[in-house]
Amino acid sequence: MLAGGSGALLLIIMAAIAVFLVIQAVPALKADTTNFFFTLKWAPDSPQPSFGIAALVFGSVLTSLLALLMSVPVAVGVALATSHYAPRWLAGPLAGVVDLLAAVPSVVFGQWGLIYLVPNIDTPSRFLHDYLGFIPLFASNGTYGKSIFAASVVLAVMVIPIVAAISREVFVQTPRDHIEAAWAIGATKWEMVRMAILPYGRSGVVSGTVLGFGRAIGETIAVALVLSSNYVISFRILDPGGNTIAANIANRYGDAGEMGRGALIASGLVLFVITLIVNFGARAIVRRSGRGGA
Amino acid sequence: MSSDLVRARLPRWSLGAIAAGVVAVTAVLFVATPLAGRVGFLLTAAGLYVLVQTAVSLVVEGRRAARNRLVTSAVVACTCAAVLPLVAVLGFTVVKGMAVLNGSFLTHTMRGVAEQDAAGGIYHAMIGTLEQVGLATVMAVPFGLLVAIYLVEYSAGRLGRVVSFFVDVMTGLPSIVAGLFIFALWILALGRGFSGFAGSLALVILMLPTVVRSAEEMLKIVPDSLREGSYALGVPKWVTVLRIVLPTALAGIVTGVMLAIARVTGETAPLLLTVFGNPALNFNPFSGAQASLPLFVFSEAGLPDETAVNRAWAAALVLILIVLTLNIIARVIARVASVRS
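Protein chains in written order, with the numbering used here: chain D, 3 to 296; chain G, 2 to 342.
Any given hint might turn out to be false.
Which residues of chain D face chain G? A few of them, derived with a C-beta cut under 8 Å, are [to be verified]:
hint : residue
1    : S8
2    : G9
3    : Q26
4    : P29
5    : V80
6    : L82
7    : P95
8    : V99
9    : A105
10   : V159
11   : W192
12   : T222
13   : L273
14   : V275
15   : N281
In case anyone wonders, no lab produced these hints; they're calculated from the structure. Bear in mind that the values here come from a model prediction, so they are computed numbers and not experimental data. Beta carbons: idealized from backbone N, C-alpha and C, even for Gly.
With the hints as constraints, model all of the structure from the sequences given.
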């Protein structure tokens, strides 16, 4: 009975999260004089409240996608190294270190990003701008620093241990038979990895990636420290600027009035819905692709 | 040595020779051209090595072996690319933090300390974190254990599946949303002020899924024969769970709980909205704003003054030490337990 009650209480909490966020968001949404989904502005406490989440959603999704773009290939490499490439004496400690790094608090990464990375990101930024500037993504006016790019790098560093740990867990479960079969037909190591390990571990990489995306898009403090906030939509990732839903909540919370708090809660609700959609989508993908290859 | 069935392989010494050659060429490049910098030197040398090794392998060993070598190099490069920034973060924190960390830093608060003053410390923040995480643990562990017991021992059918599903959803809940929820419920709707307890409520939501999932996994691997033996002696189900199943799974459950504690100890975002932060010491977690270690790091790191930033590094070092210690203890418990069974 007690146990069943706890199960029910957990469901009640989840329902309460949705209900209370909606209740507190509605007054602000009603007072919003402009379109909540398309306005590029955040002035909920002005006499004519006007705020919208377009730029925030754009920034959240862009930083998270860039972070995944940088971290997933690296993480898969690390997972391969710790599961099949590194010698046994090195693989164990290496995997342990990666696991421990997943536990480092995000505020520490944020501080590192703010104090060390932002002042030093000029060199790689200039490199990208000089050699790849013809791609609109890397266009720049020559000032770098607290940019979407810097935030994505911090997020990527944070996401790598998560994706690597989950991918590794699946890679090491590859059936011995698949691996031996690949060796038996004279495969090189890479051919063995491509034929046996990667097909089997695909679902692990996908679910690790989704978990990493969830972590990146919900990450608040690290991004709040690294980004200088504004409310524009721009693909020029090297220029200072950009904002995310979560970082905006942390940055604007202190000086928010009654309407401002409601507006921030409304944006949190949007973040909640996005993470729900991502989780459901991932579940569907993993189920369809089936667990393991063959 | 030369067989028609085996293609020529690159001997070991050739790899060393390539490495030496590449370093020499890079050195000449760096002397003769405007290229400069230690990092640049390493990157150039490594890149050249991979290039030359692959090219030589392509000529001597053929395409498949060359591709294999290229991928191996990529795997090594990935590992370096992942471990280096992470080690840099830790190393930076340790070096910067050690410069400030001392006994006075651990035993003083920030009351009346201006941002450029070298005095002050994190005593109030450590007390806050201890109380908030302690309260959260006291609430989340029994709750999570009961849910796990329900899922493994009692649930049959729809409700169990629904609960299990929502535990997954809860796992993906961003921590700032948990903070917003407690803010909306506890502070706006119920009209309570900021307090350590409000922070613990938010932390409970973040701890729950971790505790439930790890306890569930541990309960699942308790052999059914133990349960059946207990039933055969006429022991009721709840006593069986309490006296047979839980003690068997105890070590694993403790490991999961420690990892959950470690995770929420570093949480900043939900505390920002519920505990708010306070430069002075507040022992009472049930009334008034409190400080916490992650909040302290966040607020000091954002200040423009170097002294404040150094304080943030020292606090971050303490935070990392606490979290990593919890993690290591958890792993040791897990290892000892698995050896016993």
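Taking the hints in turn, this is what the structure says about them:
no.: 1; hint: S8; in the structure: holds (4 Å)
no.: 2; hint: G9; in the structure: holds (4 Å)
no.: 3; hint: Q26; in the structure: holds (4 Å)
no.: 4; hint: P29; in the structure: violated (11 Å)
no.: 5; hint: V80; in the structure: holds (5 Å)
no.: 6; hint: L82; in the structure: holds (5 Å)
no.: 7; hint: P95; in the structure: violated (11 Å)
no.: 8; hint: V99; in the structure: holds (7 Å)
no.: 9; hint: A105; in the structure: holds (5 Å)
no.: 10; hint: V159; in the structure: holds (5 Å)
no.: 11; hint: W192; in the structure: holds (4 Å)
no.: 12; hint: T222; in the structure: holds (4 Å)
no.: 13; hint: L273; in the structure: holds (6 Å)
no.: 14; hint: V275; in the structure: violated (10 Å)
no.: 15; hint: N281; in the structure: holds (5 Å)
Hint check: violations occur at hints 4, 7 and 14; the rest are consistent with the structure.
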